Amino acid sequence: MRLANRGMVDRNAPVTFTFDGVGHSGFEGDTLASALLANGVRLVGRSFKYHRPRGILTAGSEEPNALVTLGSGARQDPNVRATQQELYEGLAAQSQNRWPSLDWDLLALNDLAAPFFGAGFYYKTFMWPKAFWEKLYEPAIRRAAGLGALSGLNNADTYERAFAFCDLLVIGSGPAGLMAALGAARAGADVILAEEDFRMGGRLLAETHEVDGKPGHLWAAGLLDELASMDNVRLMTRTTVTGAYDQGTYGALERVSHHVPRSRAPLECFWRIVAKRAILAAGALERPVAFRNNDRPGIMTASAVRAYANRWGVSPGKAVSVFTNNDDGYRTARDLVAAGVHVAALIDSRHDGPDLPGVHVIKGAQVCDAAGRKGLESITIRTHRGEEKLLTDCLAMSGGWNPTLHLTCHMNGRPAWREDIQGFAPVPGMIPGLQAVGACNGSFSTAACLREGAEAAEDALEALGFKPAALELPQAEDDPFRIAPLWSVEGKGRAWLDFQNDVTVKDVKQAAVENFRSVEHMKRYTTQGMATDQGKNSNVAALAVLADVTGRAIPETGTTTFRPPFVPVSIAAMGAGAQGKGFAPQRFTTSHKASIERGAPMIEAGLWYRPSYFPAPGESNWRQACDREVKMVRETVGICDVSTLGKIDIQGPDAAAFLDFVYTNTFSTLKVGRTRYGLMLREDGFVMDDGTCARLGETHFLMTTTTAAAGEVMRHLEFVHQCLRPELDVVFTSVTEQWAQFAVAGPKSRDLLDALLDKPLNGPDWPFMACGPVTVMGVKARLFRISFSGEHAYELAVPARYGDALFRELLARAGALGGGPYGMEALNVLRIEKGFITHSEIHGRTTAYDVGLGKMVSEKKDCIGKTMSERDGLIDPMRERLVGLKPVGAVKQVIAGAHLFEVDDAPVRENDKGYVTSVCYSPTLGHMLALAFLKNGPERIGERVKMVDHVRKIEALCEVVHPIAFDPEGGRMRD
Amino acid sequence: MTELLAKTACDGLLSVTAGPFTLSEEPVAPLTSLMPYKGRDKALSAALEAAHGVKLPGVNRSTSKAGISVLWFGRGQFLLVGAGPDGSLAEHAAVVDQSDAWARVRLEGAGADQVLARLLPVDLRAASFKRGHTLRSPLGHMMASVTRTGVNAFSIAVFRSMAATLVHDLKTAMEGVAARG
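Residue numbers (UniProt numbering), protein chains in the order written: chain A, 1 to 975; chain B, 1 to 181.
Careful: at least some of the hints might be erroneous.
Stated by the list, open to error - Okay, the calculated bits of chain B under chain A, using three or more residues with CB under 8 Å as the criterion:
no.	region
1	93-103
2	117-129
3	140-149
Simulated from the structure, these hints should not be mistaken for laboratory data. Because the structure is a prediction, the values reported are computed rather than measured. Note that the Cβ used here is the ideal one computed from N, Cα and C, for glycine as well.
All chains should be modelled from the sequences, with the hints used to inform the complete structure.
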């Protein structure tokens with residue numbers, strides 16, 4: 001029911017919306033909750049477990065009942081709190097957890113079976129038969145219980161992550177937060193003021209208090225105008241600070257565009273705010289009182305009822321009653337009367353409550369029952385005279401206030417119990433650099449909030465090194481907070497504590513009876529506080545009930561642990577930026593475009609994209625292309641982009657000495673203009689990486705790493721230099737990206753280069769493993785005579801800007817010689833035929849000895865990993881060592897990852913003799929070929945073993961062969 | 001003789017605009033990594049000043065004069081931008097050509113720092129990150145060099161191979177900020 005002349009909604013801006021398909025209208029400035037109440041809609045959802053009808057309980061982010069789904073299809077947005085959702089034209093909301101409809105919900109039958117569904121019901125009931133749990137019970141329970149659902153479609157919305165930095169973060173914009181922000185801002189500090197609501201002012205918007213002789217919300221507006229005009233202030237509305245983390249870092253969720261029809265703007269932004277100091281002014285949350293049927297739609301917190309009246313000009317009922325155990329509840333009655341709403345009665349559980357003119361105050365009384373299944377119709381009041389019914393369609397209840405101290409506990413601090421407010425309050429220092437002020441610090445009067453906010457600003461300014469600016473404390477009410485505890489009303493039936501997870505007083509008592517007496521155990525046994533509101537409305541009351549039944553005091557019972565996030569945060573917001581192409585950087589070679597133009601499918605190698613193969617007309621599968629490319633390299637000439645290999649420029653007077661220390665073999669003896677294959681160990685003696693290293697000058701080397709290990713090797717070099725050999729004068733520069741490098745491999749590679757280079761190569765100057773500068777079409781380039789294919793081959797490097805042009809030129813020239821490009825598949829076959837290792841073999845658990853390169857560990861010098869590689873277990877001949885395999889039985893297939901067994905042994909773990917690391921079909925040799933690690937392998941050449949792939953159920957008889965299957969003498973690459 | 005055509009790192013990707021923001025490729029310029037040998041920082045700085053008119057900057061700073069600048073580029077590393085290195089530098093430092101190794105873009109527009117705040121976990125407030133200040137930081141998932149070149153202008157560099165991702169990530173951030181209006 002809309003009230004005349006009250007509230008801050010814009011009555012000139014009507015907005016239409018639908019709820020469960022029914023059209024309604026509200027005003028700009030309404031939340032969905034206030035608009036539903038204005039339209040007389042009281043039933044808004046069904047509870048999680050019993051599907052009980054539920055209405056709006058609160059007016060903030062703590063709302064447990066009024067959760068709705070907005071939108072449909074891919075943009076369906078479940079579990080939106082109607083109390084936070086701003087109204088916009090065309091908004092379409094659906095209720096949740098009901099079937100077939102909100103009004104007629106079949107699973108409400110659960111409610112009738114409630115005697116069986118108490119705490120621990122599932123644990124006790126679904127124990128037998130065991131197999132039924134996963135297949136039957138759990139799916140059925142999950143279907144019956146629940147909130148809203150995701151669409152199951154790919155999320156069509158965009159989300160953001162962002163970082164912000166400030167001197168002072170003020171969390172909450174009520175009187176305390178505003179004073180803190182103003183004080184700090186006037187002194188010149190960089191201030192971020194974060195407010196969960198879409199409008200700043202906190203409780204000042206919902207109360208009728210005067211501040212400085214003005215209505216509170218007008219005082220706030222004036223102050224906000226000043227803050228908005230300052231460059232050093234950032235006002236962040238719709239932003240909930242969700243967590244406090246190390247070193248002044250706070251997580252915050254900004255709801256960027258939930259309040260408008262879908263736009264191009266991101267839906268949400270997840271902020272990481274780094275603040276030198278923080279002031280928490282998050283206010284307090286009003287507690288319900290547990291009594292029978294206290295969950296009937298129309299029963300709300302007292303502060304919410306007057307918030308709807310004062311801020312939104314809505315009365316949630318025509319005849320409102322109030323039930324309170326403290327003076328604060330009187331404010332609701334007073335404001336409603338002032339707004340012309342009939343207040344049926346004020347029931348005060350205390351005998352010594354004040355009087356309120358014009359309101360029937362019943363002291364020393366309790367509300368013990370409520371009637372009206374889908375909307376409150378009456379309540380039952382119990383006094384010493386007995387019980388009587390009172391007709392009322394809205395009950396405003398106040399069980400006192402809980403300071404919103406959640407953030408202060410995020411680093412494991414524990415709050416302290418305060419008898420005077422019957423609530424927990426933070427103690428100083430729970431979060432370094434954060435000070436709690438105002439209601440969240442247990443100081444409930446407006447004057448106290450203003451004062452604490454101003455004082456905290458001064459403290460923060462002092463810590464930050466700013467001189468405090470003049471700040472006058474405005475006049476405001478300073479009423480004492482008077483309360484007498486009342487957690488639950490005695491009586492039969494179910495009195496609800498946790499509305500969201502359907503936990504009752506009886507459940508908590510039952511937990512204690514079954515010896516779940518610790519508050520953490522009670523919580524898990526009953527699921528109290530484990531729903532999306534994380535117990536904001538119920539945890540103190542629940543632990544008070546627990547304290548009572550276990551005969552302990554509340555501080556002794558203690559609270560459960562408050563953990564981030566303070567409100568639910570969508571995974572999409574936390575993972576923002578990682579959708580689609582944002583998941584990981586894509587690294588493209590300079591030849592990428594030309595390769596795509598040739599139809600090459602790309603495979604990912606780390607972050608790089610490399611061509612798998614280059615399909616030719618008439619080829620219908622990759623094997624045909626791969627076989628052709630292998631043959632092409634063996635017979636004519638092939639071109640392959642090898643730019644992805646790591647290239648590290650190493651310079652300095654001690655460069656050679658350094659390389660001798662990081663490589664197993666010696667580089668100080670390498671001549672300028674020559675390249676050497678090197679092997680690198682980790683400190684534990686296992687192989688780290690391999691590659692070639694060229695000596696470009698006396699003190700200048702160029703190291704090549706594998707594609708995958710480029711970053712790791714660079715880091716290793718820096719570590720060795722900075723930590724182990726800082727006395728050596730040497731520096732490292734990554735030049736991987738500077739050079740586009742192409743392998744030119746095959747018997748006709750020399751012909752191609754002689755025609756391409758500005759000067760033909762002089763044979764004697766370019767033996768195998770030579771390197772040096774050349775020019776290609778006037779561009780300075782580097783040439784290396786190295787081979788990963790076993791053929792006469794070169795690698796030609798030019799500055800990356802020429803990469804695309806050179807690749808195309810190389811392809812054209814290779815084509816004219818009967819050659820062309822080859823991809824990763826062919827490259828792999830070529831190297832397996834030659835027994836060259838990759839990280840399939842040097843996978844982190846193999847030594848130089850294992851891969852047959854034990855002799856490369858020089859005996860004349862020390863190197864990283866040498867001593868450790870000489871441990872007994874690492875030089876045992878019975879280790880799994882590198883061999884080749886070829887199939888010799890009926891099955892001609894060898895599979896990477898398969899294990900090796902003796903021919904007559906059962907293929908079980910105990911008999912394992914080794915495993916296969918790389919396989920290919922060798923078009924050169926006409927059969928499949930594998931590299932494998934076999935116990936004592938090199939001594940078993942010519943013997944037979946059994947390969948078993950347990951996953952694919954394939955067995956193949958294989959002969960152990962030398963790992964170098966093709967051209968073992970190496971004549972083809974040397975000549 | 002035919003010629004090898006040069007392509008820039010962001011060839012075909014830039015420029016793009018969104019709201020007040022423009023992302024364009026920095027003009028091609030010689031880039032040289034300078035890594036001084038042991039105890040040679042001062043000598044290198046003097047040689048730089050003699051040859052190019054600029055000194056070595058401090059950590060997170062840059063120096064520039066007449067179109068030539070030197071950026072702090074990481075521990076013990078500097079980047080000479082805008083001039084080929086004078087031969088005298090090699091006596092004091094490893095001098096390595098990096099002209100083709102980096103994709104360099106320029107982000108401009110009122111509130112450009114808010115675009116970078118979507119990707120860069122560092123304090124870019126004008127008081128702490130002034131014109132000429134430079135830093136190395138992750139930008140999204142990429143390791144970047146970022147320099148403030150004006151009140152609302154930044155120069156950003158990542159590995160050349162990541163140019164497409166750089167443009168994608170910055171464009172997404174630009175559009176997100178611009179769409180807020």
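Status of each hint after checking the structure:
no.: 1; hint: 93-103; result: holds (count 9)
no.: 2; hint: 117-129; result: holds (count 11)
no.: 3; hint: 140-149; result: holds (count 3)
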